[in-house]
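Enquirer: Chains as they are written, first to last, in my numbering: chain A, 5 to 161; chain B, 18 to 806.
Computed cross-link-like contacts, DSS-like style, restricted to lysine-lysine with a CA-CA straight-line distance of at most 27 angstroms:
hint: 1; chain 1: A; residue 1: K98; chain 2: A; residue 2: K130
hint: 2; chain 1: A; residue 1: K153; chain 2: B; residue 2: K31
hint: 3; chain 1: B; residue 1: K741; chain 2: A; residue 2: K130
hint: 4; chain 1: B; residue 1: K741; chain 2: B; residue 2: K33
hint: 5; chain 1: B; residue 1: K785; chain 2: B; residue 2: K462
hint: 6; chain 1: B; residue 1: K741; chain 2: A; residue 2: K125
hint: 7; chain 1: A; residue 1: K98; chain 2: B; residue 2: K741
hint: 8; chain 1: A; residue 1: K130; chain 2: B; residue 2: K470
hint: 9; chain 1: A; residue 1: K130; chain 2: B; residue 2: K462
hint: 10; chain 1: B; residue 1: K31; chain 2: A; residue 2: K98
hint: 11; chain 1: A; residue 1: K150; chain 2: B; residue 2: K451
hint: 12; chain 1: B; residue 1: K31; chain 2: A; residue 2: K150
hint: 13; chain 1: B; residue 1: K33; chain 2: A; residue 2: K150
hint: 14; chain 1: A; residue 1: K98; chain 2: B; residue 2: K33
hint: 15; chain 1: A; residue 1: K150; chain 2: A; residue 2: K98
hint: 16; chain 1: B; residue 1: K741; chain 2: A; residue 2: K153
hint: 17; chain 1: B; residue 1: K588; chain 2: B; residue 2: K607
hint: 18; chain 1: B; residue 1: K741; chain 2: A; residue 2: K150
hint: 19; chain 1: A; residue 1: K153; chain 2: B; residue 2: K33
hint: 20; chain 1: B; residue 1: K31; chain 2: A; residue 2: K161
Think of the hints as simulated: they come from the structure by calculation, not from any bench.
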Amino acid sequence: MAVTLSLTVNGKAVRTSVDPRTLLVELLRNHLGLTGTHVGCDTAQCGACTVHVDGHAVKSCNVLAAQVEGATIVTIEGLAAADGTMHPMQAAFKDCHGLQCGFCTTGMVMSAVDLVNRHPKASEDKIREELEGNLCRCTGYHNIVKAVKQGAAAMGK
Amino acid sequence: MGANDTGVIGQSVKRKEDVRFLTGAGQFTDDVNQPNQTHAYFLRSPHAHARIRKIDTASAKAAPGVVAIYTGADLEGVNGLPCGWLITSVDGTPMKEPPHWVLAKGKVRYVGDHVALVIAETANQAKDAAEMIEVDYEVLPAVVNPADALKAGAPQVHDEAPGNKCYTWALGDKAAVDAAFAKAAHVTKIDIVNNRLVPNAIEPRAAVATYTRADDSYTLYTTTQNPHVERLLMCAFVLGLPEHKLRVIAPDVGGGFGSKIYLYSEETAMVWASKRVNRPIKWVCERSESFLSDAHGRDHVTHAELALDKDGKFLALRVHTIAAMGAYLSTFASCIPTILYATLLAGQYTTPAIYAEVTAAFTNTAPVDAYRGAGRPEATYVVERIVHQAAHEMNIPQDELRRRNFIRTFPYQTPVALLYDTGGYDATLDEANKMADVKGFPARKADAAKRGKLRGLGYASYIEACGIAPSNVAGALGARAGLFEAGEVRVHPTGSVTVFTGSHSHGQGHETTFAQVVAARLGIPVENVDVVHGDTGRVMFGMGTYGSRSLSVGGTAIVKAIDKIVAKGKKIAAHLLEAAEGDIEFKDGKFTVAGTDRSKSFGEVALTAYVPHNYPLDKLEPGLNEMAFYDPTNFTFPAGTHICEVEVDPDTGVVHVVQFAACDDFGNIINPMIVEGQVHGGVAQGIGQALLESCVYDPKSGQLLTGSLMDYALPRADDLPAFKVGTKVTPCTHNPLGAKGCGEAGAIGAPAALMNAVMDALASTGVKHFDMPASPHRVWSAIQAAKHA
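Turn these sequences into a full structure, and let the hints steer you where they fit.
Expert: Next up, the structure:
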């Protein structure tokens, strides 16, 4: 009883068939080999699995693959330019030491890009409030907040 | 700093590892897949304590996709998981070590204990089949609190440990302490609980075990902080495999904080089973499983007393602690509340007499082991809370009382076994005072009062023993392993370098810091140095990363290997330059005949070593590859002062951390950016413990009540302030880098600083103490209780 799906992932058309209980994150990781999207919890709290669905940050562990039929998905693998040049937000995370172990990082960056798309001039308080759905155990968020600010400025240029 | 260091030391070089993590190209264990792999699921005990009458796996074995199901009875010949540290009780008897079976035999002892391993074609099939296993449990009474566990009549966790006592251990001169108390002008007493924590690295544990029949060998990818230790323990102590037949790879590991040091049941059972099913087996822990089964941290119940003279000089400290071990002894559990705890009770102070007695208790909970700081946060919490309270009672300013007791002469032998090599406690306190603008605090407090809020300032002047450890000292204290580190420096023919280290990086940035050390010493660009870690197949040996040891111990092993490279390079250069070896100097990447301009570059010497056409082959082997082991001669002693400022809303009990300033002395610093990041992360975990986190088991049923991220409050971005961090430097005197370690300081200083700030804020309400975390309910209740007292 497989479900057949058509969607766009990182600019490529994907047609696949999955077990109905397959989560979007499982589709990305296990079927499409996009292992940059991580699973850190089972209650949609940590945000490590955050991807963009039709331009909005979504926790891909909390969505069935079947729900994204026809959608346009961007994962961390689709964020940098084709020649490998990092997205300004990725570059800002590196520049500000906004990551340590790197596990929450991919979801954090995807959330940060969405945050800045919605609030291009977010204050520090706003950034902290908006990052509420992404847990990081390494950085204490200090440098993540700094990176989001710097990334926002770079994205605005 | 060595003579050959270049400007790259002390620079915030951007991290070499970041691009792969930022682009989704990291390789974590869950990203590893093997052809034809199966998937594992562990059936866990739903009860805190029960006798297993019968396990029926028949219908589960017939479920779709099931490959095999194993229970404790199947693991014939497999030993229990070992504990790496023998603690001897005051009566001379060894600690009680009941068997810690890989899969439960006869009884389960905590919710989450391992009952069966189910292997199936898919993870869902394994999970579905596990639900079909019928286990007949005789549920037994459980005990979850370590103090309750020691009471008469408490449920017995193990027959082998009467009264649930693992050991009662003591350190210090009891008679001297009693004598000092007898003449004290003032005695401060405190009863405190150090709350149980769940480490919660964001990457859950995972493993992929593969057996290769052709050569009877195994490969294990797993989330470990110390792959060689994992291999040693699993092979030599549990499965009886020769070590060369098991390759352990810890690829990118998503945070550890201690929880990934230990040998766990899951990967051990999988390696064993991989041969039986002759297929690769993959397992990825779910977060709720990780709450149940990762080793937890802290969980102490302590009574402490501090004796002071009339001027506030500390005369003696007396500490009684009950520490939870959980249901079984995890790999290093026994040394945490003893060797890494009581030895730190001198803190930064000249307290001449200290006596500590620690009783370790088995409870029906997940095992407790090292979590970031490991014993040292608990010690700091005891010392700094009681010092805070003493200052309050004697009406002496917080910083002043600390200053009156600071150690100022080094080396300093404490009454609790440690020899501090160096430190500068006034400097870090003074700087922290400046960073926190303590002078402006009265005005801020007055302003808060106008808004109906209570402001408080809290100090923690902590010390830690890092650079674990001098093997002979550790051995004398009960360690069952050496604690050196290994490093290998492989110079390639064209002069670029690959470094192999036994340390493991799971966020600490070793690939960058270690490359800086090598680049500086060899006078080559950082880009020309790559660091390999986490693979027993590539790195010859290692003890791994914990206890803030990587740079001071692992980095020193690399420095020693570099010294050998330079020594050999001098011989080669002497030959090429037709000079005496003793006349060759190495500086800035060049071997020069002293006092001349005749020189050979590092690259030329490297090439000559591999293309030895003109080479003293009769006296020297070709090639340029050196390894070294380094065993430290002492611990290192990072120390500092953290100052937390809070604002409490007395109507709601909400505590707002408005400022956190940390001034630390980590010795010499290679990469300030990375060091600051370590402090930020440590402080966040310390604030987490004091403000938000607490692992709670139901006292009757033994069920874990905080079993998900919806129930257990990890700090989020809006719970924390921006941090002010600074450093002062007194270089470590006994390693060539002068490094002390920085990974745990934040988690050590922050809980006491925060709770002291809360108590300072609440001083006017009459509240003196309550236990962490300072949740709104606890704060509000404490205020109400004080009102009605």
